[in-house]
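2 protein chains.
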Amino acid sequence: MTDAATQTGLEDWDRRAAALDANDPLAGFRDWFDLPEGVIYLDGNSLGPLPKSMPGRLNHVINHEWRTDLIRSWNTAGWIDLPAKVGAKIGELIGAEPGSVIAADSTSTNLFKILSGALSLAPGRTKVISERLNFPTDLYMAEGVIGQLGQGHELVLVDSPDELPGTIDQDTAIVMLTHVNYRTGAMFDMAEVTRQAHEAGALTVWDLAHSAGAVPVDLAGAKADFAIGCGYKFLNGGPGAPAFLYVAPKHQEAFHQPLSGWMGHAAPFAFESHYRPADGVSRALCGTPPVLAMAALDEAMTIWTQVSMADVRAKSAEQCTFFIDVIEETCAGRGLSLLTPRESDQRGSQVSFAATDGGFAMMQCLISHGVIGDFRAPDILRFGITPLYTRYADLLDAARCLANILDSGEWDDPAFHRRAKVT
Amino acid sequence: MTDAATQTGLEDWDRRAAALDANDPLAGFRDWFDLPEGVIYLDGNSLGPLPKSMPGRLNHVINHEWRTDLIRSWNTAGWIDLPAKVGAKIGELIGAEPGSVIAADSTSTNLFKILSGALSLAPGRTKVISERLNFPTDLYMAEGVIGQLGQGHELVLVDSPDELPGTIDQDTAIVMLTHVNYRTGAMFDMAEVTRQAHEAGALTVWDLAHSAGAVPVDLAGAKADFAIGCGYKFLNGGPGAPAFLYVAPKHQEAFHQPLSGWMGHAAPFAFESHYRPADGVSRALCGTPPVLAMAALDEAMTIWTQVSMADVRAKSAEQCTFFIDVIEETCAGRGLSLLTPRESDQRGSQVSFAATDGGFAMMQCLISHGVIGDFRAPDILRFGITPLYTRYADLLDAARCLANILDSGEWDDPAFHRRAKVT
Numbered sequence: 001m002t003d004a005a006t007q008t009g010l011e012d013w014d015r016r017a018a019a020l021d022a023n024d025p026l027a028g029f030r031d032w033f034d035l036p037e038g039v040i041y042l043d044g045n046s047l048g049p050l051p052k053s054m055p056g057r058l059n060h061v062i063n064h065e066w067r068t069d070l071i072r073s074w075n076t077a078g079w080i081d082l083p084a085k086v087g088a089k090i091g092e093l094i095g096a097e098p099g100s101v102i103a104a105d106s107t108s109t110n111l112f113k114i115l116s117g118a119l120s121l122a123p124g125r126t127k128v129i130s131e132r133l134n135f136p137t138d139l140y141m142a143e144g145v146i147g148q149l150g151q152g153h154e155l156v157l158v159d160s161p162d163e164l165p166g167t168i169d170q171d172t173a174i175v176m177l178t179h180v181n182y183r184t185g186a187m188f189d190m191a192e193v194t195r196q197a198h199e200a201g202a203l204t205v206w207d208l209a210h211s212a213g214a215v216p217v218d219l220a221g222a223k224a225d226f227a228i229g230c231g232y233k234f235l236n237g238g239p240g241a242p243a244f245l246y247v248a249p250k251h252q253e254a255f256h257q258p259l260s261g262w263m264g265h266a267a268p269f270a271f272e273s274h275y276r277p278a279d280g281v282s283r284a285l286c287g288t289p290p291v292l293a294m295a296a297l298d299e300a301m302t303i304w305t306q307v308s309m310a311d312v313r314a315k316s317a318e319q320c321t322f323f324i325d326v327i328e329e330t331c332a333g334r335g336l337s338l339l340t341p342r343e344s345d346q347r348g349s350q351v352s353f354a355a356t357d358g359g360f361a362m363m364q365c366l367i368s369h370g371v372i373g374d375f376r377a378p379d380i381l382r383f384g385i386t387p388l389y390t391r392y393a394d395l396l397d398a399a400r401c402l403a404n405i406l407d408s409g410e411w412d413d414p415a416f417h418r419r420a421k422v423t
Numbered sequence: 001m002t003d004a005a006t007q008t009g010l011e012d013w014d015r016r017a018a019a020l021d022a023n024d025p026l027a028g029f030r031d032w033f034d035l036p037e038g039v040i041y042l043d044g045n046s047l048g049p050l051p052k053s054m055p056g057r058l059n060h061v062i063n064h065e066w067r068t069d070l071i072r073s074w075n076t077a078g079w080i081d082l083p084a085k086v087g088a089k090i091g092e093l094i095g096a097e098p099g100s101v102i103a104a105d106s107t108s109t110n111l112f113k114i115l116s117g118a119l120s121l122a123p124g125r126t127k128v129i130s131e132r133l134n135f136p137t138d139l140y141m142a143e144g145v146i147g148q149l150g151q152g153h154e155l156v157l158v159d160s161p162d163e164l165p166g167t168i169d170q171d172t173a174i175v176m177l178t179h180v181n182y183r184t185g186a187m188f189d190m191a192e193v194t195r196q197a198h199e200a201g202a203l204t205v206w207d208l209a210h211s212a213g214a215v216p217v218d219l220a221g222a223k224a225d226f227a228i229g230c231g232y233k234f235l236n237g238g239p240g241a242p243a244f245l246y247v248a249p250k251h252q253e254a255f256h257q258p259l260s261g262w263m264g265h266a267a268p269f270a271f272e273s274h275y276r277p278a279d280g281v282s283r284a285l286c287g288t289p290p291v292l293a294m295a296a297l298d299e300a301m302t303i304w305t306q307v308s309m310a311d312v313r314a315k316s317a318e319q320c321t322f323f324i325d326v327i328e329e330t331c332a333g334r335g336l337s338l339l340t341p342r343e344s345d346q347r348g349s350q351v352s353f354a355a356t357d358g359g360f361a362m363m364q365c366l367i368s369h370g371v372i373g374d375f376r377a378p379d380i381l382r383f384g385i386t387p388l389y390t391r392y393a394d395l396l397d398a399a400r401c402l403a404n405i406l407d408s409g410e411w412d413d414p415a416f417h418r419r420a421k422v423t
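So the protein lines, in turn, are chains X and E.
In terms of my numbering, the first sequence opens at residue 1 and continues consecutively.
In terms of my numbering, the second sequence opens at residue 1 and continues consecutively.
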């Protein structure tokens with residue numbers, strides 16, 4: 001696999017990995033993906049790999065639906081229904097009530113719609129509460145909405161989740177949090193935070209970018225008000241796949257969002273001169289969806305209809321623990337410190353280590369050996385754990401590779417410090 | 001081609017069509033497209049057909065860039081640069097200054113950004129002027145922006161272009177018009193209307209959905225302030241292809257828009273905690289672009305780099321006139337009346353007829369014979385003229401088919417009245 005795989009002294013780990021892989025109820029799903037040779041892919045939390053059925057589906061969309069049926073495919077191939085159809089599949093995966101999720105636009109754009117609509121449901125309240133270390137674009141979008149509204153709303157950022165209960169108050173309009181933190185993998189108790197928010201009369205907006213397909217989510221059970229999320233990470237919908245959004249049924253009638261485009265109109269083909277929102281979550285649609293990308297996400301979601309999320313969660317928890325343990329053993333004394341919670345119920349499906357120095361170069365060196373994780377500023381080595389296609393043996397090989405790189409000092413080469421862009 | 005092609009009595013038209021096709025400098029471009037058999041496609045103003053190079057390009061994106069290079073393709077395949085790269089190609093086609101166009105999101109979403117940013121550049125002015133018969137989603141989006149701002153702006157709609165000069169005044173912030181009307185094909189004099197707007201101190205926002213790839217556009221020469229447009233019509237970028245937007249260089253530094261996502265940040269990978277807009281038009285980007293759809297649009301734009309827009313315009317004008325003339329001769333007395341201006345310099349690249357009765361069913365019947373145009377409420381038969389792949393002989397056959405349907409009354413069958421959705 002990698003040239004580090006020859007390292008010795010880890011026979012116990014080898015035996016353990018082999019036993020775990022042999023007893024893995026999800027092992028067969030690896031064959032649903034077309035994984036490149038010579039790569040251990042621990043970045044499925046940033047871009048999921050290609051499902052094997054994808055080229056066939058897209059070939060049909062391109063050569064039959066687009067080429068042959070042309071404009072008729074809006075009806076005959078159901079293009080017009082894709083946002084609701086894909087949304088329904090995602091909704092099922094995240095515990096949403098039927099008809100409360102649609103696929104559309106980007107995560108950022110969907111957050112704009114949701115925040116705009118949610119703020120209008122909380123008149124007189126001024127605070128939007130989030131975390132300082134939330135995914136930056138979520139904070140940028142909140143700044144954008146607040147600036148556009150010009151009604152004196154304020155983005156209040158807590159430095160730690162512990163500060164949330166003392167910060168949520170009667171002035172709080174919205175608690176906007178990413179369920180699983182993109183840096184550390186720490187996971188909020190969605191039901192408990194939602195309860196705290198509701199107790200103060202506030203609404204919740206959950207970013208599920210690192211949750212959908214990663215951990216069981218129960219939006220209805222948690223009484224969440226709104227959510228958004230991403231199609232190209234754990235869901236494997238392809239680069240820049242459409243995102244999704246959730247509006248709880250109880251809010252759908254009162255929910256109004258300003259990106260009031262024709263796809264969200266009650267009668268999109270009547271060409272009326274005034275906007276009249278569609279019933280239900282469809283009013284959160286705006287413009288024409290990118291059909292190629294939407295069809296790809298639809299195809300990727302067929303895998304999720306076959307999977308038990310409980311099985312995924314059990315393997316994810318075990319794999320995260322396995323990976324943490326083997327890295328801490330093999331890389332001891334090399335300046336790595338675990339950022340991800342050790343308790344599996346407090347984390348999502350990734351493992352992050354802070355590097356005291358040179359994390360960017362370490363990751364570039366690791367990638368050059370075919371072990372693909374990613375780097376997040378300022379010093380984080382981030383590894384996505386994706387049970388559908390990752391074996392314990394892969395995790396062990398990745399850890400060996402990292403240990404070799406740190407032992408040899410190979411990472412500390414100017415070539416690995418030089419690259420400009422990481423995504 | 002169609003079963004109407006056997007109709008006799010049009011020998012002069014046959015000879016004329018043959019001569020025009022034989023002398024067509026653009027004839028070779030038809031071979032760049034993979035057109036379905038048995039179809040005369042006059043709806044390329046709604047969804048352009050498949051370029052022949054498209055399956056190969058998308059196969060590469062799917063099976064090499066996504067499958068093999070995975071997350072690395074953001075750098076190695078230049079995914080991160082696609083919005084600017086595609087924007088540059090579109091910009092060249094519409095007379096934009098270098099670095100003033102990006103491809104992103106949907107036309108509607110881009111209009112929201114542009115209107116928001118433009119209104120903030122016109123403080124104290126309250127009117128957004130448009131046409132009552134503008135494309136509805138443009139009006140819906142203006143309603144959405146105005147409603148969210150809550151600053152007392154007003155959408156003022158003129159019933160006819162003649163009313164514009166008398167309506168644009170010192171209170172006018174923005175004149176927002178679709179350059180070529182989606183119903184009638186009537187085209188504004190962009191330079192003249194922009195001059196009128198500027199004289200009153202107002203800004204212009206041009207919707208180029210039916211202009212880009214249809215007629216020569218000279219944004220810089222017309223001194224236009226802002227523009228938006230669509231990738232899936234005349235540009236042939238695929239169903240729901242990403243849209244584009246233009247910000248004139250003189251406005252770029254002061255332009256701020258509220259969809260302030262990470263892609264428009266000055267340092268998108270620095271994960272800063274506050275939004276800081278990128279230089280130039282890139283600040284109008286928001287979320288992660290749909291790469292499959294964006295690559296398809298990029299591929300479609302390679303055709304446009306080979307074409308003389310003057311040649312396209314000359315053939316489009318000739319073909320529109322030809323089609324109008326032959327329909328008016330063959331369908332005389334059947335209740336069709338021309339909506340499109342007769343003077344070629346006052347129209348875009350489509351021909352529309354109002355039907356006194358049953359236009360929807362007429363179009364459905366026509367489509368059943370393989371002649372694909374579209375219907376627009378309340379009574380419009382709309383035909384897109386797309387010189388890159390449409391022959392004069394096709395236009396003649398389409399007119400024959402329509403004449404046959406009207407003569408025979410075949411269109412007035414319940415089956416053709418029944419279908420619910422048309423796009």
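Hints should not be assumed to be uniformly reliable.
In this list, chains with the same sequence are indistinguishable; a pair is considered to hold if it fits within one copy or across any two.
[As the list claims (entries may be wrong)] Computed list of lysine-lysine pairs in DSBU-like fashion (alpha-carbon distance at most 35 Å, straight line): (1) LYS52 / LYS89; (2) LYS52 / LYS250; (3) LYS52 / LYS85; (4) LYS250 / LYS85.
By construction, these hints were calculated from the structure, which means they are not laboratory data.
Evaluated hints:
1. LYS52 / LYS89: Cα proximity of LYS52 and LYS89: in one copy and across copies (19 Å, 33 Å).
2. LYS52 / LYS250: neither (39 Å within a copy, 48 Å between copies)
3. LYS52 / LYS85: Cα proximity of LYS52 and LYS85: in one copy and across copies (21 Å, 30 Å).
4. LYS250 / LYS85: within (21 Å within a copy, 43 Å between copies)
Violation of the numbered hints given earlier is confined to hint 2; every other hint is satisfied by the structure.
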